[in-house]
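There are 2 protein chains.
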Amino acid sequence: MEGMTSPAELYQTHRELLDRAISAAAARDYWSAFPESPSKKVYGEEAAPAGDRAFTALLGKPFPVDVPGAVGAVATERSPYGIELGVSYPKADPLALVAAARAATPGWRDAGPTGRAGIAAEILTRLHARVFELAHAVQHTTGQAFVMAFQAGGTHALDRGLEAVACALSGTTRLPARTSWTKGDLAMEKTATVVGRGVGLVIGCTTFPTWNGFPGLFASLVTGNPVIVKPHPGAVLPLAITVQVCREVLAEAGLNPDVVTLAAEEPGDGIAATLATHPDVRIVDFTGSSEFGDWLEANARQAVVYTEKSGLNTVVVDSTGDYRGLLRNLAFSLSLYSGQMCTTPQNILVPRDGIETDAGHRDVAEFGADLSAALDKLLGDPRRAAGTLGAIVNDGVLGRLDEAASGSGVLHPSTAVSDEQFPGATIRTPVVVRLDAADEKTYTQECFGPVSYLITTDSTAHSLAVFVETVRAHGALSALVHSTDPAVLEAARSAALDAGVHLSENLTGGVFVNQTAAFSDLHGTGANPAATASLTDDWFVAGRFFTLQSRRHVASS
Amino acid sequence: MEGMTSPAELYQTHRELLDRAISAAAARDYWSAFPESPSKKVYGEEAAPAGDRAFTALLGKPFPVDVPGAVGAVATERSPYGIELGVSYPKADPLALVAAARAATPGWRDAGPTGRAGIAAEILTRLHARVFELAHAVQHTTGQAFVMAFQAGGTHALDRGLEAVACALSGTTRLPARTSWTKGDLAMEKTATVVGRGVGLVIGCTTFPTWNGFPGLFASLVTGNPVIVKPHPGAVLPLAITVQVCREVLAEAGLNPDVVTLAAEEPGDGIAATLATHPDVRIVDFTGSSEFGDWLEANARQAVVYTEKSGLNTVVVDSTGDYRGLLRNLAFSLSLYSGQMCTTPQNILVPRDGIETDAGHRDVAEFGADLSAALDKLLGDPRRAAGTLGAIVNDGVLGRLDEAASGSGVLHPSTAVSDEQFPGATIRTPVVVRLDAADEKTYTQECFGPVSYLITTDSTAHSLAVFVETVRAHGALSALVHSTDPAVLEAARSAALDAGVHLSENLTGGVFVNQTAAFSDLHGTGANPAATASLTDDWFVAGRFFTLQSRRHVASS
Numbered sequence: 001m002e003g004m005t006s007p008a009e010l011y012q013t014h015r016e017l018l019d020r021a022i023s024a025a026a027a028r029d030y031w032s033a034f035p036e037s038p039s040k041k042v043y044g045e046e047a048a049p050a051g052d053r054a055f056t057a058l059l060g061k062p063f064p065v066d067v068p069g070a071v072g073a074v075a076t077e078r079s080p081y082g083i084e085l086g087v088s089y090p091k092a093d094p095l096a097l098v099a100a101a102r103a104a105t106p107g108w109r110d111a112g113p114t115g116r117a118g119i120a121a122e123i124l125t126r127l128h129a130r131v132f133e134l135a136h137a138v139q140h141t142t143g144q145a146f147v148m149a150f151q152a153g154g155t156h157a158l159d160r161g162l163e164a165v166a167c168a169l170s171g172t173t174r175l176p177a178r179t180s181w182t183k184g185d186l187a188m189e190k191t192a193t194v195v196g197r198g199v200g201l202v203i204g205c206t207t208f209p210t211w212n213g214f215p216g217l218f219a220s221l222v223t224g225n226p227v228i229v230k231p232h233p234g235a236v237l238p239l240a241i242t243v244q245v246c247r248e249v250l251a252e253a254g255l256n257p258d259v260v261t262l263a264a265e266e267p268g269d270g271i272a273a274t275l276a277t278h279p280d281v282r283i284v285d286f287t288g289s290s291e292f293g294d295w296l297e298a299n300a301r302q303a304v305v306y307t308e309k310s311g312l313n314t315v316v317v318d319s320t321g322d323y324r325g326l327l328r329n330l331a332f333s334l335s336l337y338s339g340q341m342c343t344t345p346q347n348i349l350v351p352r353d354g355i356e357t358d359a360g361h362r363d364v365a366e367f368g369a370d371l372s373a374a375l376d377k378l379l380g381d382p383r384r385a386a387g388t389l390g391a392i393v394n395d396g397v398l399g400r401l402d403e404a405a406s407g408s409g410v411l412h413p414s415t416a417v418s419d420e421q422f423p424g425a426t427i428r429t430p431v432v433v434r435l436d437a438a439d440e441k442t443y444t445q446e447c448f449g450p451v452s453y454l455i456t457t458d459s460t461a462h463s464l465a466v467f468v469e470t471v472r473a474h475g476a477l478s479a480l481v482h483s484t485d486p487a488v489l490e491a492a493r494s495a496a497l498d499a500g501v502h503l504s505e506n507l508t509g510g511v512f513v514n515q516t517a518a519f520s521d522l523h524g525t526g527a528n529p530a531a532t533a534s535l536t537d538d539w540f541v542a543g544r545f546f547t548l549q550s551r552r553h554v555a556s557s
Numbered sequence: 001m002e003g004m005t006s007p008a009e010l011y012q013t014h015r016e017l018l019d020r021a022i023s024a025a026a027a028r029d030y031w032s033a034f035p036e037s038p039s040k041k042v043y044g045e046e047a048a049p050a051g052d053r054a055f056t057a058l059l060g061k062p063f064p065v066d067v068p069g070a071v072g073a074v075a076t077e078r079s080p081y082g083i084e085l086g087v088s089y090p091k092a093d094p095l096a097l098v099a100a101a102r103a104a105t106p107g108w109r110d111a112g113p114t115g116r117a118g119i120a121a122e123i124l125t126r127l128h129a130r131v132f133e134l135a136h137a138v139q140h141t142t143g144q145a146f147v148m149a150f151q152a153g154g155t156h157a158l159d160r161g162l163e164a165v166a167c168a169l170s171g172t173t174r175l176p177a178r179t180s181w182t183k184g185d186l187a188m189e190k191t192a193t194v195v196g197r198g199v200g201l202v203i204g205c206t207t208f209p210t211w212n213g214f215p216g217l218f219a220s221l222v223t224g225n226p227v228i229v230k231p232h233p234g235a236v237l238p239l240a241i242t243v244q245v246c247r248e249v250l251a252e253a254g255l256n257p258d259v260v261t262l263a264a265e266e267p268g269d270g271i272a273a274t275l276a277t278h279p280d281v282r283i284v285d286f287t288g289s290s291e292f293g294d295w296l297e298a299n300a301r302q303a304v305v306y307t308e309k310s311g312l313n314t315v316v317v318d319s320t321g322d323y324r325g326l327l328r329n330l331a332f333s334l335s336l337y338s339g340q341m342c343t344t345p346q347n348i349l350v351p352r353d354g355i356e357t358d359a360g361h362r363d364v365a366e367f368g369a370d371l372s373a374a375l376d377k378l379l380g381d382p383r384r385a386a387g388t389l390g391a392i393v394n395d396g397v398l399g400r401l402d403e404a405a406s407g408s409g410v411l412h413p414s415t416a417v418s419d420e421q422f423p424g425a426t427i428r429t430p431v432v433v434r435l436d437a438a439d440e441k442t443y444t445q446e447c448f449g450p451v452s453y454l455i456t457t458d459s460t461a462h463s464l465a466v467f468v469e470t471v472r473a474h475g476a477l478s479a480l481v482h483s484t485d486p487a488v489l490e491a492a493r494s495a496a497l498d499a500g501v502h503l504s505e506n507l508t509g510g511v512f513v514n515q516t517a518a519f520s521d522l523h524g525t526g527a528n529p530a531a532t533a534s535l536t537d538d539w540f541v542a543g544r545f546f547t548l549q550s551r552r553h554v555a556s557s
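Note that the protein sequences, when read in sequence, are chains A and B. For the first sequence, the UniProt record's numbering gives the first residue as 1, with consecutive numbering after it. For the second sequence, the UniProt record's numbering gives the first residue as 1, with consecutive numbering after it.
Pulled out of the complex, with its shape left as it was, chain A reads as follows (with noise of 0.2 Å):
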């Protein structure tokens, strides 16, 4: 048709792009496609006024996106930060989805690998082109401060998401295409055909809905699936433009749009229960709580389910050359967006004789106090304490939050802090709880929010044992150790494998262990019971294909 741009055209577009993706995510060195500054230096003067004025002209408005067999709207947002949003969405009905996708299937899987690869280069650059207008989203959906939105929300989602494309392609063009085959005086030629494993279903959190739902979208929609996104009610805006835009680059190149749909829903609908034991719904992603996600686990069977839920992110402190590099690090782990990551750390382990620093022996006791200091210093200044911290993104956080600063034992208690930008906005700085190694009743709990635990143990070796044992039955996303005892390093190496959870090591600078980089660090594992798969090995991706040979005999050479 006139003025459409194929599948193959959108993937020689963007060839060079996934070449690079594809050879980044197997170096796995630093790389990423999306500069990360909203700075006028690197995205020019008017993107950023322009974004702010696309964002708000979706206020107060339905929607505009097409929802097969959709009857009705739902509007559930509300900003954490108190302004109104008022955007309504189509309401869903199920049937009609998976019927839709079901009907886009054939077209999709004859786009083939890299046409689907095309297709979702040209879609990740079209939300790039809008990526302030999406930071707007994630920012009055999910709390997060605007820097934060604009990277984690905005251009880290974006290369995760091309990360997921560069392995869904590299995985469904490992077996090559076509082949011949000869033995003696038999020829054939063989034919291989990826075909996809059914319809997707994207289900989003309401912290991350971009971070976490790219990965799974992009790797169903390459390996030849169409794909449902189910954001969550209190965060559908910034998923509600993804599939506004892989609608538009779809119809744009001559395919079915409904290759991509949105299922909108009013709060306690339940429409992602019915949409994961759907007999055609062949692959559920899915971020959020572990309540769901093992409900997931045992209940859509007919699926692969890959979850990503919660977990008790550990860190073990047992001694360091860089005390002040330790606890300013720590404290912005602690504090960055109020602790709503799956990756912030909750349980911090101490031995009860305390620690060697540069700064001296610590007590158990001083540690604490030091730790609380450090948090004090990073969020003293409101303005840049709204920045670290974020808002809370809902009232179970705060409920939670408030739980747990009001019980005995708190270090470091919760504050309030306003926002000259936004003064309705819920902000809060974290509270931390001393506990001992024998409050298990406690700190085998995840307590999602700005609550951490300072627990006192025997010693290094017990916390490694208490490390791992809580690991491995309750989870994990992330783990750190602060050792200079090269043997206490190895030791917690070997427990990080036993425990099943990635590793990170004497961080006192500016990497923090709540962050993952995409085509470098795997984030999650399916080692632990926190998660099914990580962003992104081959597991991510090989469930949701087959390839299917065709063979004939040809004449013999």
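Read the hints as simulated data drawn from the structure, not as lab findings. Be a bit skeptical, because a hint or two may be false.
Pairs count within a copy or across copies, as identical chains cannot be separated in the list.
[Said to hold, decoys possible] The calculated DSS-like cross-link candidates involving lysine-lysine, where the alpha carbons are at most 27 Å apart (straight line), are:
hint	residue 1	residue 2
1	K183	K40
2	K183	K41
3	K441	K91
4	K61	K91
Given the coordinates of chain A, work out where chain B should sit on it, guided by the hints.
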């Protein structure tokens, strides 16, 4: 220790073989590491008689293999060729096997991917040195005729094992073990370590204990898991020899031999179910009935379950340019190992108006008569017939054959064949029964063994519709189409993608639909209910391991 060859040394010894296997699995042209002809020209004068003697020496006594925690012995095998076997095996205690496997895990993890691949290659090489002995063991447990036992049970099984080693080695080394990461002033060193998912369980079948057992065994081993091998009580010896060799190689390399153990039982003990649902068993490989395979998929929830079950292998006959070739090829496919292959065609779909051939038009009755005559010609000479048919593996197959043969619509009756060398052998020619497309109650059940149905449909389009519908619902491991019409072939390819099954086209020569070649043909697919993965694709290996990272700062360069 003196005299030991370390895993790393074994990797160096076999590196050329492993590299070649990896490149063959990528290129997918014909390649085999283990010569399939048992002739003296290939293996020398002494190999065959020595293998015969080694096999005979095993009979009538306890098989020499250590099994941790075993109590007593079991002797459960019966040769389909009628000879006395009388081999006994230590009777396994499932909990002791799991405990032994867990204890062996850390050392096996530390051997690393290349070390484990070196061990695996050494095991395959030593099994190859015993391939004649192994072939006799396969013949007298499965009923495969000797040459087929040598090939399918020996060299081809070794090829499939090596293919799994190659895929597992590729998969576990795709992410570099050590990388550096530099972002501005920040520099880190990152380590990636492969850890196995947990204890592997391989549940063997009675017809192809090695060919179907080796891929899971070697894939689990190379990815870092200990493996408990649970043979079918009717076909223990081939896998007992395998376990013996595994333990010998492990011990000689200074590793805990309990990385591989044998789980022999009395029929009905049910230790497969006990093991498959043990919390520490995290990988299950199963080949056998849909009934138990489906049970495993539903109940072994703590594990990744790879199954190969049964299905409705289908032939769509539309037209042919080589009628004699078609008949000869199809007759052989129905006869080989008495249809006791998971890939033997069962449902042969022919349009009511008949088919066009180079020998003129054939109506359905004529085609049935011609196929029957082709079977008689192939199986007319008893010696040749015995070599093709092999023996009936057990009374279950015999019962189904008798039932089909005594019903109505028999086009080709089954007859008994005698074997000069083994007068006690149970050998039967296949039965072909004529059905109509309306008789779906009969042909949508798998009738494992030498029973096939010639099914009249309304048209080739109807045949393709029946093909898609029955295979989507009940699964299949193979499919074949015969047509001279490019449009029909194109429609058949599309139908095979919809059905989710590999397709062969116009086989009229020396390639048969029941055979797949390691390194080139994928065997099975998760795209239909007959299996959950292909031998051997990324999905088959990626679920068996995790990659865990650790990261630390280094001085920025």
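Hints and how they fare:
Proximity of K183 to K40 under the C-alpha cut-off of 27 Å is restricted to the inter-copy arrangement: shortest distance 21 Å between copies versus 63 Å within a copy. In this homomeric assembly, K183 and K41 come within 27 Å of each other (Cα to Cα) only across copies, at 19 Å, whereas the closest approach inside a single copy is 62 Å. When the C-alpha separation of K441 and K91 is checked against a cutoff of 27 Å, the pair qualifies neither within a copy, at 41 Å, nor between copies, at 43 Å. Taking the shortest Cα distances, K61 and K91 sit within 27 Å of each other inside one copy (14 Å), while across copies they are farther apart (72 Å).
When the structure is compared with the earlier hints, a violation turns up for hint 3 alone.
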